[in-house]
Amino acid sequence: MERLQKVIANMGYCSRRKAEELILKGEVYVNGEVVNELGTKVSLNDKIVVEGVTLNKKTKYEYYLLNKPRGVICSAKDDKGRKVVTDLIDTKERIYPVGRLDYDTTGLLILTNDGDLANLLMHPSNEVEKTYLAVIEGIMTTEEIYKLKDGVVIDGVKVVPKRVKVKKRDEVKNKEKVEITIIEGRNHIVKKMFEAVGHPVAKLTRERLAFLDVKGLQSGDYRYLSMNEVKRLKAMKK
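Read in order, the letters of the sequence shown are residues 5 to 242 in the working numbering.
Derived by calculation from the structure, the hints in this document are not laboratory data.
Since we're looking at a predicted model, the values are computed, not measured.
Just to be clear, a hint being listed does not mean it is correct.
[To be verified] FRET-style restraints, in silico, Cβ to Cβ:
1. Lys151 x Lys87: 54 to 62 Å
2. Ala206 x Gly30: 26 to 34 Å
3. Arg86 x Ala206: 18 to 26 Å
4. Asp50 x Lys238: 21 to 29 Å
5. Asn232 x Asp106: 26 to 34 Å
6. His192 x Leu28: 22 to 30 Å
7. Glu37 x Ala206: 48 to 56 Å
8. Lys162 x Lys241: 35 to 43 Å
9. Asp217 x Asp50: 34 to 42 Å
10. Lys177 x Glu233: 32 to 40 Å
11. Glu233 x Lys169: 58 to 66 Å
12. Gly224 x Glu41: 37 to 45 Å
13. Lys87 x Asp159: 44 to 52 Å
14. Lys87 x Glu37: 30 to 38 Å
[Unchecked claim] Lysine-lysine pairs mimicking DSBU-like chemistry, simulated, CA-CA at most 35 Å apart:
15. Lys87 x Lys235
16. Lys171 x Lys195
17. Lys181 x Lys169
18. Lys181 x Lys151
Quick reminder that beta carbons are idealized off the backbone N, C-alpha and C, glycines included.
Use the sequences and the hints to build the structure in full.
Right under this line is the structure:
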């Protein structure tokens with residue numbers, strides 16, 4: 005017997021966090037009965053229906069690495085009919101993005117239907133590093149750089165980056181390129197960190213996630229993750 009949200013994720017319908025939201029909203033039925041309690045346990049013999057879709061116990065796991073372009077919604081679907089990242093992947097499986105990149109943020113994004121891997125990569129306890137290249141407004145002072153490195157408080161919680169490195173300064177345009185590595189996963193966290201030291205982000209790209217990067221991929225292109233890469237990612241669980 006497993007918790008319902010974990011079974012939904014393992015069957016490839018959505019992430020565990022999204023499954024919890026759907027359960028609380030009354031969108032999940034088990035053997036014909038609505039279930040809206042997160043502690044509910046089920047077996048693979050139970051008939052599970054989510055948002056009207058009967059889950060397939062024989063789902064084939066798929067793993068993709070996408071170089072997300074600007075102006076695409078980081079979601080499996082959009083109520084307003086806007087283009088979403090899953091539109092860029094040629095597959096019949098119900099995959100979804102692992103974590104989020106903002107509408108105007110580009111770069112590395114993992115998409116899969118493996119709920120366990122998605123949960124592993126998003127859970128902060130596993131300390132999966134995410135490296136971004138930010139183009140910020142203005143030139144940071146030495147004091148501001150140290151303030152950022154020492155950690156800034158965002159929404160009541162202190163965020164300490166793993167690394168901060170100034171890559172390029174443009175005195176004429178009054179902009180700076182800064183590489184920053186974090187293990188945080190909250191929405192807009194990188195933008196909020198730079199805003200906290202007085203330098204709004206003009207452009208943001210995720211360059212790396214753990215040992216993965218987007219080298220060789222043009223914007224909008226994707227590739228399959230190898231089984232060795234998947235194994236290495238799963239070995240990061242602490």
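We went through each hint and held it up to the structure:
Lys151 and Lys87 have their C-beta atoms about 38 Å apart, which leaves the hinted 54 to 62 Å range violated. Between Ala206 and Gly30 the Cβ separation comes to about 42 Å, which falls outside the hinted range of 26 to 34 Å. At about 22 Å, the CB distance of Arg86 to Ala206 agrees with the hint of 18 to 26 Å. In this structure the supplied range 21 to 29 Å holds for Asp50 paired with Lys238, their Cβ-Cβ distance being about 26 Å.
Distance hint for Asn232 and Asp106: a CB-CB separation of about 30 Å, consistent with the stated range 26 to 34 Å. For His192 and Leu28, the Cβ-Cβ distance of about 24 Å falls inside the hinted range of 22 to 30 Å, so the restraint holds. A hinted range of 48 to 56 Å for the beta carbons of Glu37 and Ala206 is consistent with their spacing of about 51 Å. Checking the proposed 35 to 43 Å range against Lys162 and Lys241 shows it is violated: the Cβ atoms sit about 25 Å from each other.
Between Asp217 and Asp50 the CB atoms are about 41 Å apart, so this pair conforms to the stated range of 34 to 42 Å. A hinted range of 32 to 40 Å holds for the C-beta pair Lys177 and Glu233, which are about 37 Å apart. Look at Glu233 against Lys169: about 25 Å separates their beta carbons, and that is not inside 58 to 66 Å. Restraint check, Gly224 to Glu41: a C-beta distance of roughly 41 Å satisfies the suggested window 37 to 45 Å.
Taken as a hint, the range 44 to 52 Å is violated for the pair Lys87 and Asp159, whose Cβ atoms sit roughly 29 Å apart. The given range of 30 to 38 Å is respected by Lys87 and Glu37, whose C-beta atoms sit roughly 37 Å from each other. A C-alpha spacing of about 31 Å is found between Lys87 and Lys235, which places the hinted pair at or below 35 Å, so the restraint holds. A distance of roughly 17 Å separates the Cα atoms of Lys171 and Lys195; the hinted pair therefore holds under the 35 Å criterion.
Simply put, Lys181 and Lys169 have alpha-carbon atoms about 9 Å apart, close enough for the 35 Å limit, and the pair holds. Only pairs whose Cα atoms come within 35 Å are accepted, and Lys181 paired with Lys151 is accepted, the gap being roughly 17 Å.
Hint check: violations occur at hints 1, 2, 8, 11 and 13; the rest are consistent with the structure.
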